[in-house]
Structures are given as structure tokens and as C-alpha cells.
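Asker: Listed below are the residues making up each chain.
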Amino acid sequence: MIPKVEYYRFKTLDDALRFLRQYPDSKILAGGTDLIVQLRSGKTTARRIIDISGINGLSYIRDEDRYIKIGALITIEELKNNEIIREHAQPLWMAANNFAVWQIRNIATIGGNICNASPAADTVPPLIVLDARLRLQNVDRQREIKVKEFFKGPGETVIEKDEILTEIVIPKRDNGWRYSFIKLGKRHSHILSIVNVAVGLRTDKDMIEDVIVALGSVAPTPVRARSVEDYLKNHRITRTTLEEASQKVVKDIKPISDIRASAEYRIEMSKILVRRALNECLKNVFTTQ
Amino acid sequence: MEGLTYARIVKSSVPHGIIESIKPGRSADHPDFIALVTSEDVPGINQVGYYIPDQPALAEKKVRFHGEPVALIVASRPYSAEELRELVEVRIKPLEAVFDPLEALKDKVLVHEEYGSNIVLRTRVRRGDIVKALQESEYVVENVYRTGYQDHAYLETEGALAIPMDGGMTVILPGQYPHLAQSIISRVLGMPQSKIRIIQPVIGGGFGGKDDMGPIIGAQAAIATYKVRRPVLLIYTREDSFTSHCKRDPAYIRYRSGADKDGKLTAVDVDIVFDAGAYANRGPFTLWRATAHSTGPYEVPNVDARGVLVYTNKVYQGSFRGFGNPQIQFAVERQMDELAERIGLDPIEFRLKNILRPGSRTLTNQLLEDSVGIGEALARVAEKCGWREKRINYGKIVDGKSRGIGVACAWHGISTSRGVPDWCNAYINVRRDGSVEIYTGIVEIGQGTHTGLIQIAAEVLGVPPEKINLVGGTSDAPDTGATHGSRGLSFGGTAILIAASKIRKRIQRVASRILDCAPEDIEMRNGWVYSRSRPEKKLTWEEAVKRCYAEGEEMTATGYFFIPKGRFDEEKGQGFAYIVFSYMVAVAEVEVDVETGLTRVLKVWPAICAGKIINPKLATTQIHGAIMQGIGYTLMEEVKLSDGKILNPNFTDYLVPTIADLPEIEEPIFVEDYFRFGPFGAKGLAELALIPIPAAIANAIKNAVGVRPSEIPYTSEKLFFDLSKGRRK
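Protein chains in written order, with our numbering: chain A, 1 to 289; chain B, 290 to 1018.
Since the hints were made in silico from the structure, they are not lab data.
Among the hints, a few may not be true.
[Unchecked claim] Computed list of lysine-lysine pairs in PhoX-like fashion (alpha-carbon distance at most 25 Å, straight line):
1) K251/A with K1014/B
2) K1014/B with K248/A
3) K395/B with K929/B
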């Protein structure tokens, strides 16, 4: 059952931050799609809940000069239906399209998906690929941190107890970048990922000039597949290169067995999904011989 | 409701142990605390066992599975009940537990020590000379098959409201047989059945599970009500439903079968182990059904089918759409494909050589005189789906995916087995204004049977369906038997047919006097009562009813019918099994992602032989639902256990198919093989449509990628590793 909690709801960020400074053991509720379940299962022991869903000014998607800025309270459904996201944050848009069910998408927020720090969070590998930064704020100051550096382990992040994630900043890139996002579950929709992969890359003729590969659900935190990236950089694109590069992912991941899949299956699927995600990015660029 | 209280179950957190004490602990200090109810509060007999008296309403002395209800906490508010149950102090001394049914057969750990063995019972069907037949068979194939638990995953979890009333009790519960609930509640309360009134409202999904759980949760609520003397609403949360309600029986099946050089089946030799879990519940009947269907719908002259039901320290099994039959038909139909491959015959050709036809004898040596349409169904579905061409062209990898097509047959005996008595009844009352009331025990669980029953009465009486009010699922109706065994429309309908025919005769008698013609000449249709030979001589239905009231014709009638049955000789393993069988053929087309193992069912072609189809729309929707439930059972629904504890008691990780997994379902072929005791020739089909689905999908997967599924659920991960093993070979 859901235990008894003290529940506080704030209209302004300042009020919420002041309260959080005073009661640093509080838990932030945005959409609640993870938090309520965790309260129920006992995974969260916090008994003081700060509901930030009513805070004005954290729900926006802005197209600024060099950045896309996303307020932390933007829902997954809003990402899915947004043209700016579709154009400038393509893998995030793809992840939003494959995210849970409509009812969940309507209340789950991007900030919540990040801060919940599930290794399987679908928005995170795309944000890594997009080189996104997270803006964290407390009463006194704000700071920015790379999304990749945000996670410490399942459910664990570097966020300080008095901080709230307020904004996701995505640098705009030139048009040469291509993206993909693929997830695998045990049925065809409404599913938690066994493995998810996001890829971003830029080609120069038949060479891969730059590439970022990120995976979820195959390690304690979402990971970058550096071995795959290193292998691909400045390599000619051939079917063999992609195949060989995908095999390298084994060095970058450390999956566990759980009730959704065995570690062995996750390893095999990581290789396949990386190759597919690379192929997906390149499908209109070249045809493999 | 005045004085309503709320209850939750308090559950065992060990799979096997001795109850040392159950105390309210700090829960009693809470202002909303009303009572803690334990086995000591049961006024009558603490027994809800269906066939074998082995199951307490609330655990007594021992617990036998993780999640077993040991007590009920009653509070004045629902939320408090949730909170308080976690404060109850339950002390249980753990005992060694046994989880694997094959291990349990060794009797090292006894689930019910008073019985001296974990074996609940054995079943056997024998025909011919199995040893000789296997020796002489040209082809023999042997395999082991395993099937897992399946949760009903109904929309509405278990819940019951028990209200003290008129010196007895009224219990509103989600059951499938009001009179069974009445008798079980009467037993636990020590109160005559006549003092217990059962109301089963329209139920949010049953699939058999509510047949078992209705009486059990009703009994639990009634015990609490008896103690607190106030209405008690007991509700299982979704997690409670997963951990503590019965499921489809897991099975282990070793199957050996043989054929001669012409492709005629010669022998079936099979061992069936059903995992009962902690209590026998319906296991004796599901196992018997599996045993008696273990050849599939084929002529097999030599059979030895042995079943054993065994206790383990896990959640118990129960009724579930197909009732023991989906497990065995999965083995039968995988085996048929394996044999066909060995012989070198096309799977449909092989089946057609052996299929049951009118005049065939079943494995129990029962003669099937008529109502056997499956041969025609098989031929027609093969034609419709383009079998030959697809079977040749499929199994080729294109873009990492491979398609396959597979077939499976099924048969399903209608009503209870052997000589187990079965009857039905209904009560009809034509009111003075011509409106009609029907009382039946048959329950509406979303299957639409009440609509079909109204159609039957409307047809017999010649009145528009709008005039009929059907009151179903209540102990106020005569004992109609259960809404299970695919008998709701067939036997429930027969009772209404009989009752309505009595009233029809009386109206014909009165109308013939008024209209001055012979009673046989009176027709009743569309609200008119008229002379068939001279249609201008007519009365309105209302006028006819009014005259019956005026002239002393009784306008009430019951429709009792005792289903004729034969005898099954348990010693010889031969005899009467079921009064009639429904049949089905399913062809499934799948696409397997050969890299991930993810299977998509693309299309299903159903062909059904369920006698006269009373309402094709309802029949079709039943088929659709059964196919989806079958897809879940085959590909993804998996209860994960660790030391008897269910690890995925939620829909996040117990995966049922979603609309995205829905295949195209072709318009069903109905072969209307009339059944003489069914209303207008109808048989049942509710369970049937699930039964061939697992093997049809598995056989299609075999056709697509060459693996041989021997286990369900056959998840993408299992398929992937089977495929990799095959590649390594």
C-alpha cells in the first residue's frame, strides 16, 4: 500500500527550493508515475513529498539561438507532439514515441524520467547522444552538468539533496548529424526496455566522422559505448565495419540478470541493437554492398 | 451503506510453515481498527476445498504457500485496512518447502502430511495394447513438454460484500456459480443454504478464475461479517490477486506417439504431471480432462495415458479457460507436427488421415455418433488460408525476419466429465402485461451469454427481446449449474428452452380455443399469436397472456433438465467421457525476428465446430478474446517465482498482450455440427478457441525458423537461445 506521507505542493520554484533546503530528505514528485509505485513497493522510504507539478515556468520547450531548452516538467506526450523536439532533438522525439502508454506519457515528465535514474530510462540514451546538459538549482545558485555525469547507479545521481532539476539544455548541431533510437521489450508496445540504444553520427563521404552511441538497461547507469565509437571513427562504412563495431559493445556494458531478461540475452541484444541503430542512421546514406 | 467496513487479507510470507501466532499487534491501537479475523473465528467448518477437503478459508495451523491468506483485517476505512494489515503480527515457523512437482513426487517434503503423500490422485485412460503397438509402429516420436502458470489477469480483481440480513446473510460476489458459493458459505458459517443469498452482479472478467475465487472470497467475507456483525467489503488488490488467487496449472508432459507406414496413428503413451500447488482445488478435474483429451481429436487404437496430480508449496491451480486441456493439446499438436515431419507428410494431410469423424471412437472407446465436424473444418481452413503455397514458401529469412505458418486442432468435451451429475434449470414468469422475467444461475462475465439466452426465449415465445428481463447469476434462480465448461449458453439455454416451451404450449392451448383452430396450428412470432393456416385469425401476445391469466393457465414454468450421461470405468480406463465435444482448428501465421527472437503473430484463421451458432457476433468476439489470451499464454505471460514467492505480481512485469500484439483474425469458419441436446443444436465454444492457439503458434515458429518449441511461454529470449544452439550444432 501507499504509506502515509506528508504532502506539500508549491506554486513557485523558490518556495519549493526553500522548503527543500529545510527538509532535504523530501522526495520530489513531478508526474509521480515512478514515485507512487516506489512508495507503494517500499523502494522509496521518504515520507515527505514535494509536489512540483504546479510550479509555473518549468513547462516549456524553447528554440534559442544555439540551444534547445526544455523545462523539467515537460511531459513525454508534449515531447512527442513538439516540432522543435522533432527537428532538433530527433532521438529524444523517437524515444518519446516509444515511451510506455498514452496515459503514462500524459503525466510522466522528462525531469522525472531523468531523476528517477532507472538504468532503463528511455529518454537518457538520446540525451547522452545529444550531449545534453542538466541545469540543477538550489536556493543559492544553479549549476550545469553533463547528462552522462549525472548518474551514479540505479536510482542514484549526483544531485544534491537541496537541488531540483529545472532544465535540460540541448546544444544545436549542424544538419550533418543523423540519429536513431531503438528499444527492445518482450512484447510489441507498452514495455520497459530490455535494452535501448540511441545513436548519433556524422559522415563524411563514406567515412564516419563523429559518432556517439549510448545504451540503457545494460549497466547500473546508461552508458556510452566508447569502444564502438572508437572503432567506427575514421573508418570506412561497410557492412563488416558496422558488424565488427557492434561486437565491441560488450566491452562497454555490464548487464545483470533480472526478471525481465538474463545478462547473456542483454549482451547478445546489445550487439544486435547497436548494429541496427547504426544501420538505421545510415540507411539513406549508403547501401551496403 | 450503513456501517460498512473494509477488509484486506493478511498473507503468509513464507511458502511453508507452522503458524505460531497471529496477533493484531499495533493495528489494534488504531482508531479505525475493527477486528482481526482468523481461522478461530470461523463459526462453521473452515473448509473451502472444491473436491477434496484440504483447503481452509483462512490458514489453520499451517501455511502452504507464499501469499496464503492467514487472516483478515477489518477496518472502518479502506485505506486503514491497507495500513493495518502491515501491522498485524504473524509468527510462522518456516518448514522446508518443495516447489518442483517432479521433486514433490518423491515425498521428501510433505505439503499435507496428514495424507502421507504429495500425490493427490492419479488418472488413467487405456485402450488396446500399447506395448505391442509401439513395438510395431513404423515411426515413434518422444518428447517432453512443459507449460507454465497463467494468471487470469481479469480487469476486476476479487471482491465480495457480505451483509447480515433477515437472520442470514446476503453475499455479493464475483462467482460463476451462485449455488456453489451458497453451499460453501453455508458450510463455513454453519448456516442452512436457504439463509444465504448470493448475488453475482455482471462481472469484470472470469475465465474460470472467478468460478473458484467467488466462493472462496465470499466465504472469507462472510466469516468476517459473522464476527463483526456489520457489512464487510473484502477486496483483493491487484498484488493480492496475483499472489493469492488460483492460476492455470503448470504441467510436465512426457509424450510418446507412433504411426504406421501409411501415416495412421497407432499409439499414444503419455505421462502427465499437473502441479496442483498447495491445494487440490479443481486439479482432479483439470487433470482428468487433460488425460481424457490426450490423443487430440484423432482415432488412436492403442493408448495409455497416465496422469498424476501433485502438491507443491506454491499458489494453487484452478479453473481457467480450457480447464487442463490447453496444456495437453499443446503437447499433442506439437507432437503431431513432429510425427508428420518424421513420416514426411504435410501436417494437415497427416491430421486428416487420423481425424475423428462421425462413427469414430475416442481414446476412452466412446462412440461419437454425430456432431463431429472437425474433418470438414480442417479441410476448409487449409483451403482458405492458402496452406500449401505458404508452407512451401515460408521459412526464408528476409531482412532478418522469417515467416511461418502452423496448424493445430483441438477438441473440448462439453459439461462435466464421466458420470459427474450435471443439470440445468430456469424459471420463467410471464407478467400480466406480457413482459417476461427469466431467472437463471448463469452469470454474465462479459461473454454476452445473457443476450444469447434472451434470444432463445424470444424465439420460443415469439416476443421481442425488449420485453424480456433476464435475472442472472443469483441463488434466487433455480440451481442452473455453473457458468463454466462451455455450458452457459448450451445447457443454460436448454433450460430456458424447456421452460419457455411449457408456456408456449399453454398459450397455444388458450389461443386455439379463442381462434377456433387446433393448438398445433398456432404460431407465435413478433408479438403475435395466430393461426398458421389462416393468419388473419390472430391475437396480440399481450391479449393472449391476459386470456391465459383469465382462463386459469399458469404463466410460470421451470425448465429442469438432467443431462444424460454414461459411466466411466476407472479400473479399465474406458467408458463415457463427455456428452459431446466441440472442435476447433486454428492456423497461425507468424513472423520471427531471427536476431532477437521476438515473435509477432500476424494472422489467425479459426474454424469452429460448436453446433448451431446462436449469435455469430458473440461467438466471434469470444474467439477474438480467446486468441489474444492464447497469444499471451504462448509467448509472454510468465509467473516468475523464487522460493515460491511471485516476483512479478503486477502488470509491469507480468506481460499480457496489448492491442499492438493483436493479429489480424480472419472471419471464423463455422461448421455447424448440430448437437441433439443443445438449444437449436448449439454446443459451447468459450474455452475452445484458446486451446489450439499455443501449438498453432509454436508450429508456425517451427516452420519459420526451425526451432522446436517444447515449452510455453516460449518467450523471445528462449526462442533466441534455442536458435543460437541450433546454429552452433
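Asker: Run every hint past the structure and note whether it holds.
Answerer: Checked hints:
no. : hint                : result
1   : K251/A with K1014/B : holds, 24 Å
2   : K1014/B with K248/A : holds, 22 Å
3   : K395/B with K929/B  : holds, 24 Å
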